[in-house]
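A.B. asks: Chain by chain, the residues run as shown.
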Amino acid sequence: MIITAGRADRGLEAPGACSRQENSAATARLGHLSRAAADTQDDGAMAHRIVILGGGTGGTLVANRLSRLLGLDARITVVDRDDRHIYQPGLLFVPFGLAGAEEIVRSRHEQLRDGIDFRLAEVERVEAGENSVYLADGSFIEYDVLVIATGAVLQPEETEGLRWGESVHTFYSLDGARALRGALAAFKGGRLVVNIVDMPIKCPVAPLEFCFLADWQLREHGLREDVELTLVTPLDGAFTKPLASERLGALLAKKQITVQSEFATGLVDADAGRIVSWDEREVPFDLLVAIPVHGGPGYVPRSPGLGDELGFIPTDRRTLQCAVAPNVFSIGDAANVPTSKAGSVTHFEGEAVTENIQRFLEGDELTGEYDGHANCFIETGFHKALLIDFDYDTEPLPGRFPDAHVGLPLMAESRLNHIAKLAFQPLYWHVLLPGRDIPGVGSEFHPAAQRADTNATGGTS
Amino acid sequence: MSTVTLAGSTVDVDAEGFLTDPMQWNEQIAAEIAAENGIAELTDRHWQVISFMREKYLESGSAPSIRSLGKTSGVPIKELYALFPKGPAKLAAKIGGIPKPRGCI
Numbered sequence: 000m001i002i003t004a005g006r007a008d009r010g011l012e013a014p015g016a017c018s019r020q021e022n023s024a025a026t027a028r029l030g031h032l033s034r035a036a037a038d039t040q041d042d043g044a045m046a047h048r049i050v051i052l053g054g055g056t057g058g059t060l061v062a063n064r065l066s067r068l069l070g071l072d073a074r075i076t077v078v079d080r081d082d083r084h085i086y087q088p089g090l091l092f093v094p095f096g097l098a099g100a101e102e103i104v105r106s107r108h109e110q111l112r113d114g115i116d117f118r119l120a121e122v123e124r125v126e127a128g129e130n131s132v133y134l135a136d137g138s139f140i141e142y143d144v145l146v147i148a149t150g151a152v153l154q155p156e157e158t159e160g161l162r163w164g165e166s167v168h169t170f171y172s173l174d175g176a177r178a179l180r181g182a183l184a185a186f187k188g189g190r191l192v193v194n195i196v197d198m199p200i201k202c203p204v205a206p207l208e209f210c211f212l213a214d215w216q217l218r219e220h221g222l223r224e225d226v227e228l229t230l231v232t233p234l235d236g237a238f239t240k241p242l243a244s245e246r247l248g249a250l251l252a253k254k255q256i257t258v259q260s261e262f263a264t265g266l267v268d269a270d271a272g273r274i275v276s277w278d279e280r281e282v283p284f285d286l287l288v289a290i291p292v293h294g295g296p297g298y299v300p301r302s303p304g305l306g307d308e309l310g311f312i313p314t315d316r317r318t319l320q321c322a323v324a325p326n327v328f329s330i331g332d333a334a335n336v337p338t339s340k341a342g343s344v345t346h347f348e349g350e351a352v353t354e355n356i357q358r359f360l361e362g363d364e365l366t367g368e369y370d371g372h373a374n375c376f377i378e379t380g381f382h383k384a385l386l387i388d389f390d391y392d393t394e395p396l397p398g399r400f401p402d403a404h405v406g407l408p409l410m411a412e413s414r415l416n417h418i419a420k421l422a423f424q425p426l427y428w429h430v431l432l433p434g435r436d437i438p439g440v441g442s443e444f445h446p447a448a449q450r451a452d453t454n455a456t457g458g459t460s
Numbered sequence: 000m001s002t003v004t005l006a007g008s009t010v011d012v013d014a015e016g017f018l019t020d021p022m023q024w025n026e027q028i029a030a031e032i033a034a035e036n037g038i039a040e041l042t043d044r045h046w047q048v049i050s051f052m053r054e055k056y057l058e059s060g061s062a063p064s065i066r067s068l069g070k071t072s073g074v075p076i077k078e079l080y081a082l083f084p085k086g087p088a089k090l091a092a093k094i095g096g097i098p099k100p101r102g103c104i
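Protein sequences appear in the order of chains A and B. Oh and the first sequence: position 135 is 134 in numbering that gives the first Met the number 0, straight run, nothing missing. Oh and the second sequence: position 80 is 79 in numbering that gives the first Met the number 0, straight run, nothing missing.
Worth flagging that the hints you see were computed from the coordinates, not collected in a lab. Some clues are possibly wrong.
[Unchecked claim] Sample of chain A residues facing chain B (criterion: CB under 8 Å; computed from the structure):
1. D197
2. E261
3. A263
4. G265
5. W277
6. D278
7. E308
8. L309
Nothing here was measured: the structure is a model prediction, and the numbers come from that model. Don't be surprised by glycine CBs; every beta carbon is placed ideally from N, CA and C.
Construct the entire structure; sequences and hints are all you get.
C.D. replies: See the structure below:
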């Protein structure tokens, strides 16, 4: 099924089910990329075929940016298996009744600019050697440039005994978050355990935010005294970066949230109400909120040379070009670049990916560079939030963002950060996904803004 | 960074005792680091993991995580914890003379 966003005003056939013979002939011509892109354009169809797998944050913003940048020079197809785009930061709020499940879902294809094709299909595999994507219905799509934006998937089945049920929940999926809302409403006391099964996970601060919000809600309901709240993590502290870990650890302690660190979960025993680590330590629970293991989607292991052993895509951390072939790029959670799996990362990568795809199509050197910039609002409850900002080389530090003198306080709780976090959802749909720049928020990391103001943060620790 | 003498060789280590130059490593150094960390004898299974870690590190520039080791080293996770108590990836890296795994971010 192909849905063309807006008017199909170019009169071109969508790249779709062509015959095997045509495909082989095209493959034979596809030696060098930039030459190939030009060579395959006959019949007056002078458009580069760009196929984007995944219509989430990364796929959508890259499609829209490329569409604006390349106009009629590109024929862009976005492939996804469903048409439900979830605003993932909103999942955190669903269990607490602070957001409705349907409020955070919109149509994927409606977020795409006019002229971009949206194809509803399951990917069977990518054959990078043939410049083709095979779909589950047996058809295939040829591309000049492929963008992998299929994110990370939850793999609870990787952990023995981890099955969603009465006492075992997650908020990392829409169904999970909705079910957890019911479980939390019914929870009147006992041991509430939040467990990160293994890293990497999407938004590594979300489990902490969940703890902070649970603490807040339990206090509001007069139940906090009756609840033991524990965060169980494989990390050696609250977060992956030292100073942020220290600050967040202090905040958890202040709120009487216990941290059980260096706990690698090997088994979930729902009947006995306990999780057991590989080295046979146990944490008992009455209600478990598990963040399951993440990996790449199922087509990745079926695609020769595309992914690593966890299904993530080996990708150059600066250019975002994939190791499998020079005409394949990756953005967002799918890529194995050494930074957080987070929407802000995907947003900041967008500029480099689109620039490099354009340069690649023109046969130029890839000069677009992603610096590892990430920032995260961390909800701390009581209408406050804390903001952290970092890149590949610089850990989160106190200061202000985006400017040292006018901006949001970093590494400190404030109402302003909470308001900014809430204000972000409309920006996500109307500015970030359309591929526009958020005023004042550039892709590049600016450490000076942080260091300039380290004495004025009113820290929380 | 500082230097220490292990098995008669002077090597560069970081604050936590991980070698900073994998080329300064040898099997005697491995045995000494293992002993310091409560592993009296390195068996063939230990060596399978250590060699795999070194190979991966030298090839890719980063050490595999525990989950990756469980999937690719031929030694299941449960056994990795039995061989290298507490943190298999960290301890095997230390014994194997490669930098501390960056961990996940």
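A.B. asks: Going back to the hint list, which numbers does this structure go against?
C.D. replies: none
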